[in-house]
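Trainee: Sequence:
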Amino acid sequence: MKVRLKRGDTVEVISGRAKGTRGEVIRVLPDDGGIVVRGVNLRKKHQRQIQAAGRSMSPGIIQFEAPVNVSNVMLVCPKCGKLTRLEIHRQDGQAQRYCKKCETHIDG
1193 MKVRLKRGDT VEVISGRAKG TRGEVIRVLP DDGGIVVRGV NLRKKHQRQI QAAGRSMSPG
1253 IIQFEAPVNV SNVMLVCPKC GKLTRLEIHR QDGQAQRYCK KCETHIDG
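The opening position of the sequence shown corresponds to residue 1193 in my numbering, with each subsequent residue numbered one higher.
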């Protein structure tokens, strides 16, 4: 699945439990068709103490962001601030992303 979102983009969740929540893309998982968004889909993991390479990881409950499917989020245009789809233009072999609502260049 082709993922047009990049790390650092601001997205808004459009379906699911966290609907309406905006956050920054931390990681893109193109093989799974998912992205990790800061502050969305928080999970807790019970971590036991591990010793590896001379360091010990402290035990406890760790909270982390789990991946969200790309189809459940939409990009927020940095200029107009609205939810938008992406339009791809190719110039000199380079792909550039544009906002379909205000037709401005998204990548800086």
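Since the hints were made in silico from the structure, they are not lab data.
Any given hint could turn out to be false.
Below, simulated EDC-like cross-link-like pairs (lysine to aspartate or glutamate); rule was C-alpha separation at most 16 Å, straight line [said to hold, decoys possible]:
hint, residue 1, residue 2
1, Lys1274, Glu1257
2, Lys1211, Asp1224
3, Lys1194, Glu1279
4, Lys1198, Asp1299
5, Lys1198, Glu1216
6, Lys1198, Asp1223
7, Lys1271, Asp1299
8, Lys1194, Asp1223
9, Lys1292, Glu1279
10, Lys1194, Asp1224
11, Lys1274, Asp1223
Note that the structure is predicted; figures quoted are calculated from it, not measured.
Trainee: Indicate, hint by hint, whether the structure satisfies it.
Mentor: The hints, checked one at a time:
With a CA separation close to 24 Å, the supplied pair Lys1274 and Glu1257 exceeds the 16 Å bound. For the given pair, Lys1211 sits about 21 Å from Asp1224 by alpha-carbon distance, which is inconsistent with the 16 Å threshold. Between the alpha carbons of Lys1194 and Glu1279 the distance comes to roughly 13 Å, so the proposed pair stays at or under 16 Å and holds. Taking the CA atoms of Lys1198 and Asp1299, the gap is near 10 Å; set against the 16 Å cutoff, the hint holds.
Distance restraint check for Lys1198 and Glu1216: the Cα-Cα separation of roughly 10 Å lies within the 16 Å cut-off, and the hinted pair is therefore satisfied. Proposed proximity of Lys1198 and Asp1223 is supported: the alpha carbons are some 14 Å apart, at most 16 Å. Note on Lys1271 and Asp1299: the hinted pairing holds, with a Cα-Cα distance of about 11 Å set against a maximum of 16 Å. This hinted pair checks out: Lys1194 and Asp1223 have alpha carbons roughly 9 Å apart, not beyond 16 Å.
Pair hint Lys1292 plus Glu1279 holds up; C-alpha atoms about 6 Å apart against a cutoff of 16 Å. Restraint check for Lys1194 and Asp1224: satisfied, since their Cα atoms lie roughly 10 Å apart, inside the 16 Å limit. Distance hint between Lys1274 and Asp1223 is unfulfilled; the C-alpha atoms sit about 28 Å from each other, more than 16 Å.
Comparing the model with each earlier hint shows violations of hints 1, 2 and 11; every other hint is respected.
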